[in-house]
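So the sequences go chain by chain: A and B. For the first sequence, position 26 matches number 26 in the working numbering, and the numbering has no gaps at all. For the second sequence, position 54 matches number 54 in the working numbering, and the numbering has no gaps at all.
Keep in mind that the hints were calculated from the coordinates and are not lab data. Possibly wrong hints are sitting among the right ones.
[Claimed, not checked] Here are the simulated lysine-lysine pairs, BS3-like style, with alpha carbons at most 25 Å apart:
#	chain 1	residue 1	chain 2	residue 2
1	A	LYS53	A	LYS24
2	A	LYS54	B	LYS47
3	B	LYS47	A	LYS36
In this text the structure is predicted, and so the values were computed from the model without any measurement.
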Amino acid sequence: MPIYDTTFVLNPQLEEAGMESRIKEVVDLIGSNGGKLVTENRIGMRRLAYEIKKLTQGYYVSMVYDGNGDLVNEIERRFRLDENCLRFLTCIYQEVTNVMEGRPSRDEHENKYRGRSYRDRSDRDRSDRDRPDRDRPDRGRSDRVKPVEAKKEEAKPAEEKPIETKPVEDAPAKEAPVVDKPAEAPKAKEGE
Amino acid sequence: MAFNKKKKSKFGDKRRKRHCRFCENHIDVVDFRDDRLLRRFVTERGKIIPRRISGTCARHQRTLTTSIKRARHLAIMPFVAETFK
């Protein structure tokens with residue numbers, strides 16, 4: 001018997017129980033019709049490339065099973081009757097042996113950068129960094145240029161200095177507008 | 001000399017040798033669920049890039065085309081994309 005690969009998309013608005021029952025239904029069908037389930041792969045939620053029934057996301061499941069054509073017909077008939085099955089596709093299973101690396105998809109990229117600035121690259125991979133001249137702790141003025149690795153340890157003592165100087169600089173800047181405003185206001189009234 | 005001269009005048013220096021990416025990476029099966037891979041072989045509009053431009057060999061272009069078409073059916077790839085990143 002040939003090995004088939006059926007991928008289907010379920011409505012994500014279904015409750016978890018609804019999804020589970022539909023997946024189980026297919027598994028039971030394979031078992032009861034003389035088939036044999038090889039793998040069940042829940043790909044999960046994925047953005048749809050185009051809207052289907054006004055939905056933008058779908059829950060993808062793929063099943064690889066051994067069975068005859070009647071089994072495939074029965075499974076597909078059930079999918080056709082089910083409104084919550086958005087799409088399905090059955091093809092002869094081909095094993096994917098080698099995977100070529102691509103760029104991260106839009107979804108993955110968005111999840112990675114969710115909630116922070118695009119320029120924030122603090123989590124970038126530095127394993128290939130080979131700049132001993134830059135990472136040297138005694139390079140330049142030690143109070144200004146801090147080595148990257150020792151940043152966490154030095155952070156506390158280094159913070160004390162700017163805190164001392166900042167209030168002095170900030171204080172007159174903040175006071176100035178406060179003083180000016182009342183001074184301007186009476187002048188404007190006089191003009192009237 | 002004469003041969004080089006002729007070649008240059010016809011195609012300029014921009015002509016580069018094309019390589020089939022699938023042959024180079026020893027990929028036999030193009031998985032239709034792998035949208036990261038498929039999106040490289042599609043224009044911004046979602047059209048399949050011809051092999052004379054992408055350099056894919058005939059055999060792999062055939063498997064790639066069916067994969068893209070399968071992916072379109074399952075809404076993994078768009079049929080038409082207005083804006084496409």
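The hints, checked one at a time:
1. A:LYS53 <-> A:LYS24: 24 Å, holds
2. A:LYS54 <-> B:LYS47: Judged against 25 Å, a Cα distance of about 24 Å means the pair holds.
3. B:LYS47 <-> A:LYS36: It is violated: about 38 Å lies between the C-alpha atoms, which goes past 25 Å.
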